[in-house]
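Undergrad: This is what each chain is made of:
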Amino acid sequence: MSDPKRETEVDAKARRGRNVALALGLVLFVALVFVVTIVRLGGNVALRPL
Amino acid sequence: MLEAQSGVRAPARWQDFVQLLKPRVMSLVVFTGLTGLVASGQPIHPVLAAVAILCIAVGAGASGALNMWYDADIDAKMRRTRGRPVPAGRVQGADAAGLGVVLSLFSVMLMGMALNWLAAGLLAFTIVFYAVVYTMWLKRSTAQNIVIGGLAGALPPVIGWAAATGEAPLNAWLLCAIIFIWTPPHFWALSLYTSEDYARAGVPMMPVVSGAASTRRQILAYSLILAPLGVLPAFTGLGGVAYLSVSVGGGLVLLLLAARLFRSRAGESADPRNDDGLYDVRAAAKDARNLFAFSILYLTLLFATLLVEHVVGLPPMELF
Chain A
0 MSDPKRETEV DAKARRGRNV ALALGLVLFV ALVFVVTIVR LGGNVALRPL
Chain B
0 MLEAQSGVRA PARWQDFVQL LKPRVMSLVV FTGLTGLVAS GQPIHPVLAA VAILCIAVGA
60 GASGALNMWY DADIDAKMRR TRGRPVPAGR VQGADAAGLG VVLSLFSVML MGMALNWLAA
120 GLLAFTIVFY AVVYTMWLKR STAQNIVIGG LAGALPPVIG WAAATGEAPL NAWLLCAIIF
180 IWTPPHFWAL SLYTSEDYAR AGVPMMPVVS GAASTRRQIL AYSLILAPLG VLPAFTGLGG
240 VAYLSVSVGG GLVLLLLAAR LFRSRAGESA DPRNDDGLYD VRAAAKDARN LFAFSILYLT
300 LLFATLLVEH VVGLPPMELF
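Top line first, the protein sequences correspond to chains A and B.
For the first sequence, numbering that gives the first Met the number 0 puts the final residue at 49, and the numbers step up evenly by one.
For the second sequence, numbering that gives the first Met the number 0 puts the final residue at 319, and the numbers step up evenly by one.
These are calculated hints, taken from the structure and not from any lab test.
Bear in mind that the values here come from a model prediction, so they are computed numbers and not experimental data.
Cβ atoms here follow ideal geometry from the backbone N, Cα and C, with glycine treated the same way.
Worth double-checking, as some hints may not be accurate.
What the hints assert, rightly or not - Computed footprint of chain A on chain B; a stretch qualifies when at least three of its residues, placed anywhere within it, have a C-beta under 8 Å from a C-beta of chain A:
#1 61-72
#2 118-130
#3 289-297
Unchecked claim - Okay, the calculated beta carbon distance ranges per label pair:
#4 A/Leu-40 to B/Pro-42: 47 to 57 Å
#5 B/Arg-288 to A/Thr-7: 21 to 31 Å
#6 B/Thr-235 to A/Leu-23: 41 to 51 Å
#7 B/Arg-78 to A/Gly-41: 17 to 27 Å
#8 B/Ile-224 to A/Asn-18: 31 to 41 Å
#9 A/Val-38 to B/Arg-216: 44 to 54 Å
#10 A/Ala-20 to B/Ala-49: 29 to 39 Å
#11 B/Arg-23 to A/Val-19: 52 to 62 Å
#12 A/Thr-7 to B/Met-135: 32 to 42 Å
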């Protein structure tokens, strides 16, 4: 016989792991877009007419 | 969550979703893409270079997830693939497909915005070619599946080159051609000793459709094209003396192993009337394994030498 309570804990642990991975992925993507913007903007700012 | 529905043995862990991205294939794609980016010779901001490689890697991973979603029925029948997350029941097919589509969109859009739209377009083409043309059409319908489908695996150097320069010149396509011609002998050597698996799954791989002798002949033919093609970058202003040495030496070993495989009985079933038959077939399978293993080393050496020459700043060959 399987233990329903234990299964729930396993499910919850797996779900928590997936959520953390998804959150880290999204934060990384936002950080990446920010850094790319700064890098691409940097050169253009230096070239702009004063 | 979909995973909680009946029929799923265990809840999906985040590692299962990483496995959907085929990390080992991803590492080869990253390596060849990086070589294309560096070999272009165009200075590029390190952050943008890293983003380009990340986009290539994520795009390849997205193709892998779409492939695992669509091919779950085939994967379940083959020993090598039955433990993958979808056929094993750890991840729902719809979740794998969703991951593939989302990562495809993210990688192509980021490549376009951060680098240029030629690189993004080539990346999008690669993903669609692998997921739709190869996975959904060619793989199940023709013995030429990995020949034509190999284009998807061959394009990363062109994407890397385009990301750095905004162009895709002939030298970039030469790197693509090397991987394209390398793919058939590489995969057919593997399929010679795994053809039972493919036959069970109904995948028309060359040994299943045309037989082992025809496959060995075609492996030799492709190797005869590949060996000189691998040397060509030394004469187009791309490779230097080190590349010439490695490509000539590697090409000769490749031809030797392909010739040995051609003369062997690899992929054939043993003749029950002949006691020596089983031994011959087993020994021949070793010839197929040798070519398969060396083909990986050969391609790695070619691209690694090119990469090192450009990073260190060694000059390409001067012919005139």
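Undergrad: Take the hints in turn and mark each one as holding or not.
TA: Cross-check of the supplied hints:
| no. | hint | in the structure |
| --- | --- | --- |
| 1 | 61-72 | violated (count 0) |
| 2 | 118-130 | violated (count 0) |
| 3 | 289-297 | violated (count 0) |
| 4 | A/Leu-40 to B/Pro-42: 47 to 57 Å | 19 Å, violated |
| 5 | B/Arg-288 to A/Thr-7: 21 to 31 Å | 47 Å, violated |
| 6 | B/Thr-235 to A/Leu-23: 41 to 51 Å | 43 Å, holds |
| 7 | B/Arg-78 to A/Gly-41: 17 to 27 Å | 53 Å, violated |
| 8 | B/Ile-224 to A/Asn-18: 31 to 41 Å | 50 Å, violated |
| 9 | A/Val-38 to B/Arg-216: 44 to 54 Å | 52 Å, holds |
| 10 | A/Ala-20 to B/Ala-49: 29 to 39 Å | 21 Å, violated |
| 11 | B/Arg-23 to A/Val-19: 52 to 62 Å | 24 Å, violated |
| 12 | A/Thr-7 to B/Met-135: 32 to 42 Å | 38 Å, holds |
Checked against the numbered hints listed earlier, the structure breaks hints 1, 2, 3, 4, 5, 7, 8, 10 and 11; every other hint is satisfied.
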